[in-house]
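J.: Chains as they are written, first to last, in the numbering used here: chain A, 1 to 466; chain B, 1001 to 1274.
Be a bit skeptical, because a hint or two may be false.
[Unchecked claim] Chain A side only, calculated, beta carbon under 8 Å to chain B, not exhaustive:
#, residue
1, Thr169
2, Ala173
3, Lys208
4, Asp212
5, Ala219
6, Leu239
7, Ser255
8, Thr261
9, Pro272
10, Glu273
11, Tyr274
12, Ser351
[Stated by the list, open to error] So, partial list: chain A residues that the calculated Cβ filter (under 10 Å) puts toward chain B:
#, residue
13, Gln15
14, Thr218
15, Gln223
16, Asp275
FYI, nobody ran anything at the bench for these hints, they're computed from the structure.
All residues carry an ideal CB built from backbone N, CA and C; glycine is no exception.
What follows is each chain in one-letter form.
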Amino acid sequence: MAKKIQPTKIPMREQPAKERIRNYAEVPYGYSEKEAMQEASRCLQCKRPTCIQGCPVEIDIPGFIDFIAKGDFQAAIDRLKEKNILPAVCGRVCPQEDQCEKVCVLTKKYEPVAIGRLERFAADWERAQGSMSVPKIPSQTGKKVAIIGSGPGGLTVAGDLIKLGHAVTMFEALHEPGGVLVYGIPEFRLPKAIVYREVDYLIECGVKLVLDFVVGKTATIDQLLESYDVVYIGTGAGLPWFMNIPGENLNGVYSANEYLTRANLMKAYLFPEYDTPIVRGKSVAVIGGGNVAMDCARTALRLGAEQVHIVYRRSHKEMPARLEEIHHAEGEGIIFDILTLPIKYIGDKKSWVKEMECIKMELGEPDASGRRRPVPIDGSNFVTPVDTVVCAIGQSPNPLIPQTTPDLKVGKWGNIEADPETGKTSKPRCWAGGDVVRGGATVILAMGDGRVAARSMHEYLMTGKW
Amino acid sequence: MYKVIERKQIVPNIHLLVVETEHIHKNAHAGEFVVVRADEKGERIPLNLVDWDERSVSMVFMEVGTSTSKLAALKPGDEIATLAGPLGKPTEKSEGKKIVCIGGCYGIGALNPVLRMFKANKNHVTTIIEARSDFLLYWRERLKEHSDELYEITRDGTRGVRGHINDFLVEHLKKSKVDLVYVQGCTYLTYLASETTRPFGIKTIVGLNPIMVDATGMCGVCRVTINGETKFGCVDGPEFDGHQVDWDNLLSRRKIYIREEVYSLSFYECERYG
Ligand SMILES: Cc1cc2nc3c(=O)[nH]c(=O)nc-3n(C[C@H](O)[C@H](O)[C@H](O)COP(=O)(O)OP(=O)(O)OC[C@H]3O[C@@H](n4cnc5c(N)ncnc54)[C@H](O)[C@@H]3O)c2cc1C
Ligand SMILES: Cc1cc2nc3c(=O)[nH]c(=O)nc-3n(C[C@H](O)[C@H](O)[C@H](O)COP(=O)(O)OP(=O)(O)OC[C@H]3O[C@@H](n4cnc5c(N)ncnc54)[C@H](O)[C@@H]3O)c2cc1C
Ligand code: SF4
Ligand code: SF4
Ligand code: FES
Chain A
1 MAKKIQPTKI PMREQPAKER IRNYAEVPYG YSEKEAMQEA SRCLQCKRPT
51 CIQGCPVEID IPGFIDFIAK GDFQAAIDRL KEKNILPAVC GRVCPQEDQC
101 EKVCVLTKKY EPVAIGRLER FAADWERAQG SMSVPKIPSQ TGKKVAIIGS
151 GPGGLTVAGD LIKLGHAVTM FEALHEPGGV LVYGIPEFRL PKAIVYREVD
201 YLIECGVKLV LDFVVGKTAT IDQLLESYDV VYIGTGAGLP WFMNIPGENL
251 NGVYSANEYL TRANLMKAYL FPEYDTPIVR GKSVAVIGGG NVAMDCARTA
301 LRLGAEQVHI VYRRSHKEMP ARLEEIHHAE GEGIIFDILT LPIKYIGDKK
351 SWVKEMECIK MELGEPDASG RRRPVPIDGS NFVTPVDTVV CAIGQSPNPL
401 IPQTTPDLKV GKWGNIEADP ETGKTSKPRC WAGGDVVRGG ATVILAMGDG
451 RVAARSMHEY LMTGKW
Chain B
1001 MYKVIERKQI VPNIHLLVVE TEHIHKNAHA GEFVVVRADE KGERIPLNLV
1051 DWDERSVSMV FMEVGTSTSK LAALKPGDEI ATLAGPLGKP TEKSEGKKIV
1101 CIGGCYGIGA LNPVLRMFKA NKNHVTTIIE ARSDFLLYWR ERLKEHSDEL
1151 YEITRDGTRG VRGHINDFLV EHLKKSKVDL VYVQGCTYLT YLASETTRPF
1201 GIKTIVGLNP IMVDATGMCG VCRVTINGET KFGCVDGPEF DGHQVDWDNL
1251 LSRRKIYIRE EVYSLSFYEC ERYG
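Working from the sequences, and respecting the hints, build out all of it.
T.: Next up, the structure:
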């Protein structure tokens, strides 16, 4: 007998749009215990759960959900952590609609199980219990591991290898650990305290964290290999792209990385209590349609903008951002100018951007990515006033490490080449993964890469076989 | 946190800062810089390396805004929140050349490792340091050690040659054969020196100081236009050919936050002095 299923997800309560655009606090509140148990009971506990195949780290989804349904939240979080050391992060930022939830059987008739929200619930529940138990670390192997970059990929490798008894040191160029989770994704979407707690946990497990250490400059990979047995490169994709159109170097034109780094890492939203300033534009245009663009647009609102436009050259359907971010942005009053491409920025006498010239686009034949290629419509140019522009059209890996490591093979976009099965690079004793290999990807894929590499690194450390 | 070993005012508004670190000296070269952040709420600012050894690095800075005021208030034993480096591309090496090196304000200190490197590579080094007045010139003995000749220029004539750097430079270039001019200091000085050497067709390398945040090539705020192309000051520079720099763009980009900087400084001073 089929049980009666509620067709839609239990909604998650959130800050009303009017209030939240004035503060930096997290937007959704998360489920209560009751709501979580209700949502968990929507899961059919499939014999062959398709959802697991949609998760890059293969979390036992029905397993942890079943524990929530039964009210055993500790068991749920333990089950999650077998595969994912950052459930509080992934529950919040994974593009679930393209991963686990996309292939949940319920989608055939109804809305899928809210797997991400349940994952978040379990992790938040654990956090609310106070201190985490630090696992007993097996005896030391005497092997030394250097991890470069403390983003989700690096953190995963650190967690896996410290638990296997190796001595792990993590080098980070910036003054805070966490990678994009800290310098890029805003507080209102992912509270930094969550990331710091996970980092603190790793430090308690014995991971050594060295901040302000720019590998390639402070020490090269070869220098690190003199004192470490193996190296993992998880330096992300931090090099911002610009469009190379006239006026891009005018004052008031930002890269997304600069805008978000000022706002998040440097806390410019608290200026002048914090020293780093940011331009608080009134009329802001954000170029691009991904998560990064949504984050910039919503940040601009919170910095006091009166009008924020997302300017995207394809249509709504092709936008790569998570559905939830698009909904939130729309709810907050962000204006979407789709099928629009900026071609020129125009400055005032003091070299501040004051206008932007755009051209309208239409969708043509599908391109290599399978999405329909946008083509400019002749004569559709128009000029609109702006005082701040944020360019969020993508980024590629930073060349500092490849430039100083000649025997490390890189691809056309500067991405480090690594074997997808093992994470091995062309350079012995060096592994790589995450955005530095894939270009801009996702948190969970970076973590998946970290897991794969950690396994291979451990094997090498124990057998000496490359 | 990084321990301050020494902080002293060398001449009015210009300070020496020596901070403990074991990491930076190993790969440090002339022309490179570090990023410092005075405290947990501070801004990341770039400062040239003026010296280094196994346990410390030294910087010379001019007190202008909030960040440098915070640094100027440090005492030995205090700590700063961030010290990262060495960053940027090293000064290009040359050998057996006739080189004129020019420094003004904090750039006088920044010349130190560059002169040392040029001298060690058997170049003939003529050093010119300039300031408004005698009491603002410093480190003449220290720089003399790595120079074949050293000239001092003051605008009021209280020491050395009276006048402006450009007048002196023109006379000098007319008299002597010079292969390369190298300049460190504020944007006005680097600009003026570049425009002065341009008619002579002498290659002129300048240390630029665009605004920076991460200083690792991640944010792009430091972009400068060189020969019509956009470059990132922190990783492609900070030294560039002065004849290729788009000075208008550099000068206007340096002013992006002027309003906020003034506000920030008055906020800091209120907090500190009440
Ligand atoms: C604004 C924004 C929003 C995003 N939103 C989402 C989202 O909602 N969902 C999602 O799944 N993904 C999202 N992403 C993508 C996701 O954040 C990345 O795919 C992921 O963080 C990659 O992880 P990583 O470990 O490879 O590298 P990163 O997180 O980029 O971390 C790399 C770290 O290495 C450090 N580093 C770099 N070079 C050096 C060096 N030479 N020496 C030492 N350290 C170095 C960097 O400072 C950084 O801390 C977003 C990205 C951005 C920018
Ligand atoms: C690669 C690089 C190397 C540098 N090396 C040094 C160094 O060795 N020593 C040093 O003192 N500075 C150096 N600078 C400049 C230094 O980073 C700035 O002076 C500093 O950021 C000022 O911070 P602040 O908060 O004190 O002043 P802000 O509040 O940022 O600035 C206050 C005001 O002073 C102006 N101003 C800022 N810097 C200067 C300057 N250098 N000359 C004239 N006016 C200025 C600003 O436009 C602003 O109007 C370097 C810059 C770069 C990019
Ligand atoms: S980690 Fe991401 S993809 Fe995997 S179950 Fe959780 S939300 Fe879904
Ligand atoms: S596919 Fe959906 S319903 Fe089936 S086990 Fe996974 S989450 Fe539950
Ligand atoms: S300072 Fe950020 S890229 Fe140069």
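J.: Now look at each hint and say whether the structure bears it out.
T.: Hints versus structure:
{"no.": "1", "hint": "Thr169", "result": "violated (13 Å)"}
{"no.": "2", "hint": "Ala173", "result": "holds (5 Å)"}
{"no.": "3", "hint": "Lys208", "result": "violated (14 Å)"}
{"no.": "4", "hint": "Asp212", "result": "holds (4 Å)"}
{"no.": "5", "hint": "Ala219", "result": "holds (7 Å)"}
{"no.": "6", "hint": "Leu239", "result": "holds (6 Å)"}
{"no.": "7", "hint": "Ser255", "result": "holds (4 Å)"}
{"no.": "8", "hint": "Thr261", "result": "holds (5 Å)"}
{"no.": "9", "hint": "Pro272", "result": "holds (4 Å)"}
{"no.": "10", "hint": "Glu273", "result": "holds (7 Å)"}
{"no.": "11", "hint": "Tyr274", "result": "holds (5 Å)"}
{"no.": "12", "hint": "Ser351", "result": "holds (4 Å)"}
{"no.": "13", "hint": "Gln15", "result": "violated (26 Å)"}
{"no.": "14", "hint": "Thr218", "result": "holds (5 Å)"}
{"no.": "15", "hint": "Gln223", "result": "holds (7 Å)"}
{"no.": "16", "hint": "Asp275", "result": "holds (4 Å)"}
Of the numbered hints stated above, those contradicted by the structure are hints 1, 3 and 13, listed in ascending order.
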